[in-house]
Amino acid sequence: MDGMTQPQDVALNDREPKWQIARRSFQAGSAYSVLALFVFVAVGPIIYIISPAFRDSKSLFSYPPQWIPDRWFTGNFTFLFSETHYLRWAVNTLIFATAVTLISLVIDTLAGYAFARMTFPGKRVLFSLILATLMIPMAAILAPTYLLVRFLDGWTFGLIGTDTYGGLILPMTVSPLGVFMMRQFIETIPVGLYEAARMDGASEWRIFRKIVLPLIKPALVVLGIFVFMMQWSNFLWPLVVTSRDEFRVLNVGVSTLQGQFVTNWGVIAAATLLTLIPVTIVFLFFQRWFVQASIAGALKE
Amino acid sequence: MSEIELRQLTKKFGNYAAVNNVSMKIPEGEFLVLLGPSGCGKSTILRLIAGLEEVSSGEIKIGDRIVNFVDPVKRNVAMVFQNYALYPHMSVFKNIAFPLETAKLPKSEVEVAVRDAARMLEIESLLDRLPAQLSGGQRQRVALARAIVRHPVAFLMDEPLSNLDAQLRQQTRLELMSLHQRLGITTLYVTHDQVEALTMGDRIAVMREGIMQQLGSPSDLYRFPVNTFVASFMGSPPMNLLNGTLQKISNDWEFSTEQIHFGIDRNKSGFVSSNLEAHASRAVQLGVRPEDFFFVGSEFDNAISGVIKFVELTGADQFISVEVGSQIIVVRTTPSEEMSVGRRVAIGTNPADVHLFGEDGMNLRI
Amino acid sequence: MTEEEFRRQKRRYQARRLIPVFGFLGPFFLLWVVFLAVPVVWSVWLSFNNGGIVEPARFVGVTNWTRAFQDDELRKSLINTVWYVVIAITVVFGLAIVLALLLQRYRRWSNFFKLGLYIPVLVSPIMAGMIFFFLTHYDMGVLNLLLQQLGLERMNFLGDNPNALLTISALEIWRGLGFWVLFFLAGLENVPQDLLDAARVDGAKPFRRFRKITIPVMRPLILFALVIALIFNFQLFDSVQVLTKGGPVLGTSTVVWFIYRRMFAFQDSGLAYATSVALLLLVLCLTIVAYGVLGKKVRQK
Chain S
1 MDGMTQPQDV ALNDREPKWQ IARRSFQAGS AYSVLALFVF VAVGPIIYII
51 SPAFRDSKSL FSYPPQWIPD RWFTGNFTFL FSETHYLRWA VNTLIFATAV
101 TLISLVIDTL AGYAFARMTF PGKRVLFSLI LATLMIPMAA ILAPTYLLVR
151 FLDGWTFGLI GTDTYGGLIL PMTVSPLGVF MMRQFIETIP VGLYEAARMD
201 GASEWRIFRK IVLPLIKPAL VVLGIFVFMM QWSNFLWPLV VTSRDEFRVL
251 NVGVSTLQGQ FVTNWGVIAA ATLLTLIPVT IVFLFFQRWF VQASIAGALK
301 E
Chain Z
1 MSEIELRQLT KKFGNYAAVN NVSMKIPEGE FLVLLGPSGC GKSTILRLIA
51 GLEEVSSGEI KIGDRIVNFV DPVKRNVAMV FQNYALYPHM SVFKNIAFPL
101 ETAKLPKSEV EVAVRDAARM LEIESLLDRL PAQLSGGQRQ RVALARAIVR
151 HPVAFLMDEP LSNLDAQLRQ QTRLELMSLH QRLGITTLYV THDQVEALTM
201 GDRIAVMREG IMQQLGSPSD LYRFPVNTFV ASFMGSPPMN LLNGTLQKIS
251 NDWEFSTEQI HFGIDRNKSG FVSSNLEAHA SRAVQLGVRP EDFFFVGSEF
301 DNAISGVIKF VELTGADQFI SVEVGSQIIV VRTTPSEEMS VGRRVAIGTN
351 PADVHLFGED GMNLRI
Chain L
1 MTEEEFRRQK RRYQARRLIP VFGFLGPFFL LWVVFLAVPV VWSVWLSFNN
51 GGIVEPARFV GVTNWTRAFQ DDELRKSLIN TVWYVVIAIT VVFGLAIVLA
101 LLLQRYRRWS NFFKLGLYIP VLVSPIMAGM IFFFLTHYDM GVLNLLLQQL
151 GLERMNFLGD NPNALLTISA LEIWRGLGFW VLFFLAGLEN VPQDLLDAAR
201 VDGAKPFRRF RKITIPVMRP LILFALVIAL IFNFQLFDSV QVLTKGGPVL
251 GTSTVVWFIY RRMFAFQDSG LAYATSVALL LLVLCLTIVA YGVLGKKVRQ
301 K
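From first to last, the protein sequence lines stand for chains S, Z and L.
For the first sequence, position 46 (counting from the first letter as 1) is numbered 46 according to the numbering used here, and the numbering increases by one without interruption.
For the second sequence, position 354 (counting from the first letter as 1) is numbered 354 according to the numbering used here, and the numbering increases by one without interruption.
For the third sequence, position 199 (counting from the first letter as 1) is numbered 199 according to the numbering used here, and the numbering increases by one without interruption.
Hints were generated in silico from the structure; no laboratory data involved.
From the three backbone atoms N, C-alpha and C, an ideal C-beta is built for every residue, glycine too.
Mixed in with the good hints there might be a few duds.
[Claimed, not checked] Some chain Z residues well away from chain L (every beta-carbon gap over 12 Å; in silico):
1. Arg-7
2. Glu-54
3. Gly-58
4. Val-70
5. Ala-103
6. Leu-183
7. Asp-202
8. Ser-219
9. Arg-266
10. Asp-292
11. Glu-299
12. Gly-315
13. Gly-358
[As the list claims (entries may be wrong)] Not the full set, but computed from the structure, chain L residues with beta-carbon under 10 Å of chain S:
14. Leu-46
15. Leu-78
16. Ile-79
17. Ile-119
18. Met-140
19. Ile-288
20. Gly-292
[To be verified] In silico SDA-like links for lysine to any residue, alpha-carbon gap of 25 Å or less:
21. Z:Lys-248 to Z:Tyr-222
22. Z:Lys-74 to L:Lys-10
23. Z:Lys-94 to S:Val-191
24. L:Lys-245 to S:Val-191
25. Z:Lys-74 to Z:Pro-152
26. L:Lys-245 to L:Tyr-106
So that you can see chain S by itself, here it is in the shape it has in the complex (with noise of 0.2 Å):
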């Protein structure tokens, strides 16, 4: 149990005594098994609402209980399409994570590289103040930011304001986090590229596009995904600043199903099923990225 010996790899000696041989496949075995027996738990939930999604509410609450349903109905989706706003709110999380994400990195990465290779007054106070507000919960920070969009709807026509895209984006654009990542890999590229581009002539904005981009496309994937992921589940946010049916994102809008629609499970389990489809194939297709996201967000310092 210590790690790295495959079972396979400790000989003992030529000839292994046979239950020795047993003992070691029945470990292995057990390993396996529990293995499985967890990712059967972790996945098994998700496929158990595929039925329910295609059961009216009449066979869902029918005893003995139809697993898989003798007619696909179809009606839940057709609900969800028609007499819900389903389709606005999967445009507007769209719309909502991918502008996050964009205007996350961009800013992350400007940052991060003048945290990294300029120098200016101040610059470490202003990094360690940055750093210090690295995990301030949005829950601690609610009101005031509620106060400040809808104080904002005055000022800015309308543009940040509550149940406006800039209210909804902007202020989960803030990312101590991805300036620190940014940082730490713009200063993994040696300084001498950066001396050298002066020398020719480089502004630092030259640099900066020409240099130092090019060299840190996987962190921009890694952080990118990250933020998508982060923003894509976000829930309290767009709750507490969203009111109307039409700027909602699908986390709020699917929780609303619940309490128009009590009786209709069948819509809401539609519904889940239809909002993990997009998020597992995108998984499914990035896991290498996904997985290495995950990790930086926590262990990357």
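Following the hints, put chains Z and L in place on chain S, whose structure we already have.
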């Protein structure tokens, strides 16, 4: 015209002066070597001239312009870094073209200039490759090409050969020298290797802890070192430095230890008499290079006698370590001389090759 | 050049070099000040006020704070949150380390296992909540059906205390396990193999090797993870909103739930403000601890 001048140049990091009041004039076209151990400030001087570090006090002039606060590129100097600093994601062509593209030169001109530089350094065939695919020597040529392509008024080279293996180093040394002959561009060359300095430099500036020790031609530094630091830095193996006292006996001078009574001929050695007077009966160091010692017979007048302790054969030479009292004198001789450990010998030298250094390390010839 | 001229030129030069800094730092800094720094300060100010959201704010001095110490609902929320945090972290860390050890030793199909375990992490708490609704539904949920099949009594997972809190804990454990498995796996792989080999040669058995080498080496990492998990889990909200809305009878009310509810309450938002600031202080303290542990880790290297 494009002479480089440093006037009382000083660079401080906190309270520590990495470059301390250095002044020198470098005429156009000269190959000047900045030589010294690590931390002596030679690289800092280079970076100050380049514009990568800010001057604490003093002036840097290029031509008749004071360039203290001018951006590196506007000084029109090009730097070759120790680790080449090639842009890893760009092809060789793009690497060399980068300074020109930054200057917004039209594409056709850029193309011509890059190819010219590549041709001069014989790397035309490599233009499409990435730096990672090149050997150390090739990368260095690309770095040079990138420097050349700007037609700078000076090259600043920061230990460019130290990352190459010995054989390649020698070959590249010769190529650098021929390049300098061809282009005639002022070059400031930083190294800690005194062999490089002696073979390549028109003049050498020896640095120690931020202070310039001596500035002169290789032969000047080698034959007339101004202090013990320069004396022992140049030459391999280094100059012998023996501890003893300077005695005045009637009108004659003598360097003496318990075992040695070595006569000093003031005239033939070129010592300033006031210096000798000032150091009478004081501790001094006698300096003679290994190749300036030779073995003598008993009839030789001013000889030092000792016992052979080590014999080192290096193919072309023999280095005999002779023990005299508690000190060792290294003598260079040809391999043909039969030497064996334990043999008692006598060594002598020409007065012209004798140096005396005071307690402060300064040469009494000055 | 005179001394004066020197200083003048130096100042101009340094000013010139400072200009690009604004361009690079500016955007991030602007957003950071507006949407993070200002809300933090405002939050502190608000804690001495009441109202402000549905009605104009009134200054009330420290009454919010004094009331906070006496408020039963807040106390209950705090206790619930602490219970949840302890349970969730203990279970998740325990399981994650075990699974990580298994994964490290038994390598076959490891990609499949890792991916499978990780999928729940992608599910937003809201969606997970919906899924768990189905799972635990009194009438049609598969868990209760299973219990019935086994001849046991059905359980009211969400309508009873302490079931509700445990169910929510289970949900979060289900969601978070995959991430922590990968996290600890990465940590385990960073334990220098030569140390383990040396111990093995010295005759130490696997469990002893684990105890004496792996754990001490991983200690800073585990501590750090603990702090991060604490900060994160203390903010439990989404699942509560979706599954139980704080019930039954405040059985699942958490600190952030409390803040959210009270924020929009007439005449009572003052308590929410004070709680927000308290949360802020807590997180700041934990952040300092986290950085302290990090410093030790760096020094350990």
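Now the hints, each set against the structure:
{"no.": "1", "hint": "Arg-7", "result": "violated (9 Å)"}
{"no.": "2", "hint": "Glu-54", "result": "violated (8 Å)"}
{"no.": "3", "hint": "Gly-58", "result": "violated (9 Å)"}
{"no.": "4", "hint": "Val-70", "result": "violated (8 Å)"}
{"no.": "5", "hint": "Ala-103", "result": "holds (19 Å)"}
{"no.": "6", "hint": "Leu-183", "result": "holds (31 Å)"}
{"no.": "7", "hint": "Asp-202", "result": "holds (28 Å)"}
{"no.": "8", "hint": "Ser-219", "result": "holds (36 Å)"}
{"no.": "9", "hint": "Arg-266", "result": "holds (46 Å)"}
{"no.": "10", "hint": "Asp-292", "result": "holds (46 Å)"}
{"no.": "11", "hint": "Glu-299", "result": "holds (65 Å)"}
{"no.": "12", "hint": "Gly-315", "result": "holds (43 Å)"}
{"no.": "13", "hint": "Gly-358", "result": "holds (36 Å)"}
{"no.": "14", "hint": "Leu-46", "result": "holds (6 Å)"}
{"no.": "15", "hint": "Leu-78", "result": "violated (14 Å)"}
{"no.": "16", "hint": "Ile-79", "result": "violated (18 Å)"}
{"no.": "17", "hint": "Ile-119", "result": "holds (6 Å)"}
{"no.": "18", "hint": "Met-140", "result": "holds (5 Å)"}
{"no.": "19", "hint": "Ile-288", "result": "holds (9 Å)"}
{"no.": "20", "hint": "Gly-292", "result": "violated (13 Å)"}
{"no.": "21", "hint": "Z:Lys-248 to Z:Tyr-222", "result": "violated (28 Å)"}
{"no.": "22", "hint": "Z:Lys-74 to L:Lys-10", "result": "holds (16 Å)"}
{"no.": "23", "hint": "Z:Lys-94 to S:Val-191", "result": "holds (19 Å)"}
{"no.": "24", "hint": "L:Lys-245 to S:Val-191", "result": "violated (54 Å)"}
{"no.": "25", "hint": "Z:Lys-74 to Z:Pro-152", "result": "holds (10 Å)"}
{"no.": "26", "hint": "L:Lys-245 to L:Tyr-106", "result": "violated (42 Å)"}
Taken one by one, the earlier hints fail for this structure at numbers 1, 2, 3, 4, 15, 16, 20, 21, 24, 26, listed in ascending order.
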